[in-house]
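Peer 1: Build the full structure now, drawing on both the sequences and the hints.
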Amino acid sequence: MNFKLINSIAVSLLVARWKQTLVAAIGVTFSITMFIALLSFMSGLNDMLDGLIVNRTPHIRLYNEIQASKNQPIDLSKEYKGHYNFIRSVKPKNERAQIHNCPAMIKALDNDDRVLGYAPKIVAQVFYNVGDIDLTGVINGVNVDEEARLFKFKDYVTAGNYIDLKNIPNSIILGKGAAEKMLANIGDVVQVTTSKGERMQLKVVGYFQSGIQEVDKVQSYASISTAQKLLGESKNYITDIQVKLKDIAWAPKMAKEYANLFDIEAVDIQTANSQFETGSSIRTLISYAVGITLLIVAGFGIYNILNMMIYEKMDSIAILKATGFSGNDVNRIFITIALSIGFFGGGMGLFLGFGLSNIIDNVPFNTASLPTIKTFPINYNPKFYFIGAVFSLVTTYLAGYFPSRKASKIDPVVIIRGK
Amino acid sequence: MESIILQANTISKYFHDPSTIQVLKEITFSLNKGEFTSIIGKSGCGKSTLLYILSTMDTDYTGDLRIDGVGMRDKKEGELARVRNEKIGFVFQFHYLLNEFNVLRNVMLPGLKLGKYSEKEVEERAYQKLKILGIEKEALKIPNQLSGGQKQRVAIARAMVNDPLIIMGDEPTGNLDKKNTEIVFDIFKELSDVYNQTLLIVTHDNEFANRTHRIIEMEDGRIIRM
Numbered sequence: 001m002n003f004k005l006i007n008s009i010a011v012s013l014l015v016a017r018w019k020q021t022l023v024a025a026i027g028v029t030f031s032i033t034m035f036i037a038l039l040s041f042m043s044g045l046n047d048m049l050d051g052l053i054v055n056r057t058p059h060i061r062l063y064n065e066i067q068a069s070k071n072q073p074i075d076l077s078k079e080y081k082g083h084y085n086f087i088r089s090v091k092p093k094n095e096r097a098q099i100h101n102c103p104a105m106i107k108a109l110d111n112d113d114r115v116l117g118y119a120p121k122i123v124a125q126v127f128y129n130v131g132d133i134d135l136t137g138v139i140n141g142v143n144v145d146e147e148a149r150l151f152k153f154k155d156y157v158t159a160g161n162y163i164d165l166k167n168i169p170n171s172i173i174l175g176k177g178a179a180e181k182m183l184a185n186i187g188d189v190v191q192v193t194t195s196k197g198e199r200m201q202l203k204v205v206g207y208f209q210s211g212i213q214e215v216d217k218v219q220s221y222a223s224i225s226t227a228q229k230l231l232g233e234s235k236n237y238i239t240d241i242q243v244k245l246k247d248i249a250w251a252p253k254m255a256k257e258y259a260n261l262f263d264i265e266a267v268d269i270q271t272a273n274s275q276f277e278t279g280s281s282i283r284t285l286i287s288y289a290v291g292i293t294l295l296i297v298a299g300f301g302i303y304n305i306l307n308m309m310i311y312e313k314m315d316s317i318a319i320l321k322a323t324g325f326s327g328n329d330v331n332r333i334f335i336t337i338a339l340s341i342g343f344f345g346g347g348m349g350l351f352l353g354f355g356l357s358n359i360i361d362n363v364p365f366n367t368a369s370l371p372t373i374k375t376f377p378i379n380y381n382p383k384f385y386f387i388g389a390v391f392s393l394v395t396t397y398l399a400g401y402f403p404s405r406k407a408s409k410i411d412p413v414v415i416i417r418g419k
Numbered sequence: 001m002e003s004i005i006l007q008a009n010t011i012s013k014y015f016h017d018p019s020t021i022q023v024l025k026e027i028t029f030s031l032n033k034g035e036f037t038s039i040i041g042k043s044g045c046g047k048s049t050l051l052y053i054l055s056t057m058d059t060d061y062t063g064d065l066r067i068d069g070v071g072m073r074d075k076k077e078g079e080l081a082r083v084r085n086e087k088i089g090f091v092f093q094f095h096y097l098l099n100e101f102n103v104l105r106n107v108m109l110p111g112l113k114l115g116k117y118s119e120k121e122v123e124e125r126a127y128q129k130l131k132i133l134g135i136e137k138e139a140l141k142i143p144n145q146l147s148g149g150q151k152q153r154v155a156i157a158r159a160m161v162n163d164p165l166i167i168m169g170d171e172p173t174g175n176l177d178k179k180n181t182e183i184v185f186d187i188f189k190e191l192s193d194v195y196n197q198t199l200l201i202v203t204h205d206n207e208f209a210n211r212t213h214r215i216i217e218m219e220d221g222r223i224i225r226m
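Chain order of the listed sequences is D and X.
If you number the first sequence the way the working numbering does, the last residue is 419 and the count never jumps.
If you number the second sequence the way the working numbering does, the last residue is 226 and the count never jumps.
Derived by calculation from the structure, the hints in this document are not laboratory data.
Fair warning: there could be bad hints in the mix.
[Said to hold, decoys possible] As a list, the in silico EDC-like pairs of lysine to aspartate or glutamate whose alpha-carbon atoms are at most 20 Å apart:
1. K87/X - D64/X
2. K409/D - D58/X
3. K76/X - D411/D
4. K116/X - D329/D
5. K87/X - D329/D
Peer 2: Laid out in structure tokens, this is it:
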């Protein structure tokens with residue numbers, strides 16, 4: 001009953017000053033709109049930039065580093081245990097970059113619940129032969145199906161069909177930059193030489209464009225069996241296993257675990273690409289800071305308007321108090337006014353923010369380095385809308401708090417005597 | 001059988017700004033039910049100050065105030081608001097109607113705040129009060145559209161809506177012309193005679209005061225005649 005009465009008084013005061021109220025609400029609407037649009041856009045951009053790296057990078061990469069043995073024979077000797085030894089000019093053994101005991105590892109990965117999937121890979125250093133000139137390059141032998149499933153391989157093949165890599169024997173998908181240098185069109189045959197001098201002719205079935213030009217100048221893709229043939233290796237020759245996890249956050253811990261378990265090098269994505277994480281967290285921070293600043297400015301607007309309203313309505317407040325409304329009731333009337341400005345302004349802001357994000361989402365955005373992006377990226381995360389809603393209510397409450405307290409403390413005697 | 005409704009016991013009040021002055025000096029008196037009392041005195045003698053203390057709006061005083069046998073001294077702000085709402089009706093020199101609401105709603109507000117009756121009943125009661133005061137035709141108008149005398153009558157209706165123990169008036173006819181003063185006085189008289197309503201009116205209009213049942217005259221913060 002009381003609640004209803006207070007509401008009706010608040011609404012009447014609002015309606016009586018509807019122009020001011022509207023201005024205050026528009027302030028909130030504007031700031032929430034910008035907050036939502038800014039964060040959605042910024043976060044979409046972040047996701048896109050991270051995607052450049054994250055989509056194509058395994059969460060954990062398992063491989064064999066060519067390095068000198070950590071244990072020299074003397075370390076194993078019982079006789080010299082407890083002695084210091086110095087050995088200079090240690091060289092790595094002539095050992096292949098192959099992952100040993102591959103089937104056992106694959107079985108372990110299959111049984112691990114945390115693993116979303118894995119794709120074996122062969123990295124082969126080659127020269128692309130263009131007439132007299134040899135260009136250095138890397139051919140990645142990949143399992144086409146798994147590569148497409150886990151690492152969005154398909155999105156980055158900008159010309160030709162990626163599945164041809166699997167279906168056509170001795171085929172290659174050239175990096176866009178490499179293809180341009182070699183003047184190779186789809187259907188052409190190119191010749192490559194391995195580091196060991198083997199030559200092989202491969203048919204171009206597509207172009208690959210990662211968005212990072214330096215990479216596209218050297219990297220090409222072939223199927224695993226083609227790569228094995230190229231290197232003259234057997235069917236179980238694999239140099240890398242790329243693991244994708246269900247949660248990227250587990251990567252550092254699991255990389256250590258695998259390194260111990262398999263006695264192998266394991267690099268997690270966070271270590272390999274730490275600069276990206278820093279970049280995106282700072283961009284997010286800046287957009288939050290701007291959005292919250294906007295809201296605080298809107299809050300001051302509400303504060304001003306309520307203050308003015310209270311000065312104008314001194315008489316009304318005095319008479320309400322004289323006829324039996326307590327300071328608390330008056331306080332609640334003005335808090336209700338502030339919160340309803342926040343509620344309606346904020347609600348409109350969420351709605352318009354969604355609209356603005358949608359408009360941005362449809363603005364064409366074509367760039368050579370990002371083949372999959374056609375319009376500006378937007379992240380429609382409900383989290384932003386939730387934060388916006390909570391924040392609009394919190395700021396308007398705070399903006400209403402002090403004027404309301406002032407109103408509740410008004411002494412009716414002073415006003416009535418002053419007349 | 002006359003029962004005491006309001007009892008003031010040695011009430012004193014000081015103003016501290018700019019220097020300490022005692023404006024009320026041990027005021028002691030009581031009001032009985034149904035009495036139509038006026039307080040008169042020269043400007044600055046403390047009659048309005050006394051009225052605001054009696055109405056519980058001013059709590060900065062010494063002494064004891066009992067309304068309907070209950071002490072007001074130790075009540076909190078919220079409880080005092082409740083007392084004003086339920087037991088005291090107030091009419092000021094200025095009408096203080098809210099222009100955001102129509103006349104009927106203005107009269108209803110204290111009744112809605114009391115919460116004793118449903119909204120429908122409060123509306124019915126407010127309408128009846130307006131009828132007693134002869135302005136039921138203006139019920140749906142906005143206060144701005146009324147004449148000064150009509151506004152003051154609406155203010156009286158608002159003071160009456162909760163059937164208070166006592167209606168207090170601070171120069172309720174101070175802003176009115178002769179004719180409207182007459183009307184307002186007649187209303188007070190009728191309330192007193194017909195409805196046995198207790199009234200305490202501060203005025204400087206001696207003619208007005210002479211026609212009330214009882215006159216309390218003040219000078220320099222003291223009661224000199226009652």
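Peer 1: For each hint, tell me whether it holds in the structure or not.
Peer 2: Cross-check of the supplied hints:
Of the pairs offered as hints, the one joining K87/X and D64/X holds, with about 18 Å between alpha carbons and a cut-off of 20 Å not exceeded. Annotation: proposed proximity of K409/D to D58/X holds, straight-line Cα distance about 13 Å (limit 20 Å). A hinted pair counts as satisfied when its Cα atoms are at most 20 Å apart, and K76/X with D411/D qualifies at roughly 15 Å. Between K116/X and D329/D the CA atoms are separated by roughly 17 Å; this keeps the pair inside 20 Å, and the hint holds.
With a CA separation close to 19 Å, the supplied pair K87/X and D329/D stays within the 20 Å bound.
Of the numbered hints given earlier, the model fails none.
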